[in-house]
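Colleague: So you can see what is in the structure, the chains are spelled out below.
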Amino acid sequence: NAGVTQTPKFRVLKTGQSMTLLCAQDMNHEYMYWYRQDPGMGLRLIHYSVGEGTTAKGEVPDGYNVSRLKKQNFLLGLESAAPSQTSVYFCASAGGYGANVLTFGAGSRLTVL
Amino acid sequence: AQSVTQPDIHITVSEGASLELRCNYSYGATPYLFWYVQSPGQGLQLLLKYFSGDTLVQGIKGFEAEFKRSQSSFNLRKPSVHWSDAAEYFCAVGTFIQGAQKLVFGQGTRLTINP
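Heads up: the protein sequence lines correspond to chains A and B, in order.
Counting from 1, one number per residue, gives the positions in the first sequence under this note's numbering.
Counting from 1, one number per residue, gives the positions in the second sequence under this note's numbering.
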């Protein structure tokens with residue numbers, strides 16, 4: 001049982017380049033989330049989704065776009081990467097309405113030069 | 001808006017010693033509270049959670065936490081730490097929007113274990 005899988009695990013970008021992080025879950029969860037983790041700041045919510053075809057902004061959405069075309073996948077895109085987006089990105093998912101436990105992926109480390 | 005403060009950025013304890021990690025939260029209603037642990041290079045794993053009822057909650061790996069409403073605290077404890085407990089620990093408060101659990105995390109406390 002894979003749980004939540006993030007690809008790629010590591011990526012280095014130049015300023016202005018674009019990329020997409022993929023999150024896949026095999027637990028048939030309704031809710032999916034993207035967080036970023038920065039030293040001394042804990043994890044902050046970027047975007048989330050309450051079901052297939054839906055997305056919503058979190059705490060720090062600027063500079064990111066997301067899509068949830070399939071229930072099992074949640075994509076995080078950076079259209080024009082900036083050094084401030086250097087971070088570790090975590091995807092998480094949760095079951096159904098009111099589900100209170102999030103399952104996290106292992107993280108994707110992104111460096112923007 | 002809700003917030004979480006973990007006053008200790010880094011704590012070092014000796015193996016076998018007791019541990020207490022502090023967490024203070026700010027939230028207007030009854031909070032949903034969580035402790036997660038992150039081992040190096042790994043994702044977050046849930047240690048325990050509090051929603052209601054008994055204010056002392058038991059978690060995995062021998063951890064427990066006590067909810068104190070009067071102090072807005074949810075401190076994590078373990079009677080005797082093991083070298084494998086070295087990790088980063090995050091306290092979080094959760095709210096529900098459209099049925100989705102949204103977590104606000106503290107800054108994290110890094111735990112080092114001396115042999």
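A portion of the hints provided could be inaccurate.
[To be verified] Below are the BS3-like pairs computed for lysine-lysine, each with C-alpha atoms no more than 30 Å apart in a straight line:
#1 A/Lys57 <-> A/Lys71
#2 A/Lys57 <-> B/Lys49
#3 B/Lys68 <-> A/Lys9
#4 A/Lys71 <-> B/Lys68
[Said to hold, decoys possible] Residues from chain B shown here face chain A by an in silico Cβ test under 8 Å; the list is partial:
#5 Leu19
#6 Arg22
#7 Gly43
[Unchecked claim] Calculated Cβ distances over 12 Å to all of chain B for the following chain A residues:
#8 Arg11
#9 Ser18
#10 Leu22
#11 Thr54
#12 Asn100
Simulated from the structure, these hints should not be mistaken for laboratory data.
Cβ coordinates follow ideal geometry from the N, Cα and C atoms, glycine included.
Colleague: Does the nearest C-beta of chain A fall within a distance shorter than 8 Å of the C-beta of B/Gly43?
Modeller: 4 Å, holds
Colleague: Measure nothing beyond the straight line between the CA atoms of B/Lys68 and A/Lys9; if it is 30 Å or shorter, mark the hint as holding.
Modeller: 39 Å, violated
Colleague: Would you check whether the claim that A/Asn100 is not at the interface survives, using Cβ distances to chain B and the 12 Å cut-off?
Modeller: 5 Å, violated
Colleague: A/Lys71 and B/Lys68: Cα distance at most 30 Å?
Modeller: It is violated: about 39 Å lies between the C-alpha atoms, which goes past 30 Å.
Colleague: Regarding the assertion that A/Ser18 does not contact chain B, is the least Cβ-Cβ distance greater than 12 Å?
Modeller: Answer for A/Ser18: holds, closest chain B Cβ roughly 25 Å.
Colleague: Would you say A/Leu22 is clear of chain B, with no C-beta pair closer than or equal to 12 Å?
Modeller: Holds, because the least Cβ-Cβ distance between A/Leu22 and chain B comes to about 15 Å, which exceeds 12 Å.
Colleague: Would the non-interface assignment of A/Thr54 survive a Cβ cutoff of 12 Å against chain B?
Modeller: A/Thr54 not clear of chain B: closest Cβ-Cβ about 9 Å, inside 12 Å.
Colleague: Would you check the hint for A/Lys57 and B/Lys49, treating anything up to 30 Å between C-alpha atoms as holding?
Modeller: The given pair, whose Cα atoms are some 25 Å apart, holds under the 30 Å limit.
Colleague: Are A/Lys57 and A/Lys71 close enough, with their CA atoms no more than 30 Å apart?
Modeller: Holds: A/Lys57 and A/Lys71 sit about 18 Å apart, inside 30 Å.
Colleague: Please confirm whether A/Arg11 is truly not at the interface, meaning its C-beta sits more than 12 Å away from all C-beta atoms of chain B.
Modeller: With a cut-off of 12 Å, A/Arg11 remains clear of chain B, as the shortest Cβ separation is near 16 Å.
Colleague: Using 8 Å as the Cβ threshold, decide whether B/Arg22 counts as touching chain A.
Modeller: Given a least distance of 14 Å, the restraint on B/Arg22 is violated.
Colleague: Should the hint that B/Leu19 touches chain A count as held when the rule is a Cβ pair under 8 Å?
Modeller: The hint is violated - B/Leu19 has no Cβ within 8 Å of chain A, the shortest such distance being about 20 Å.
Figure legend: structure checked against the earlier numbered hints; hints not met, in rising order: 3, 4, 5, 6, 11 and 12.
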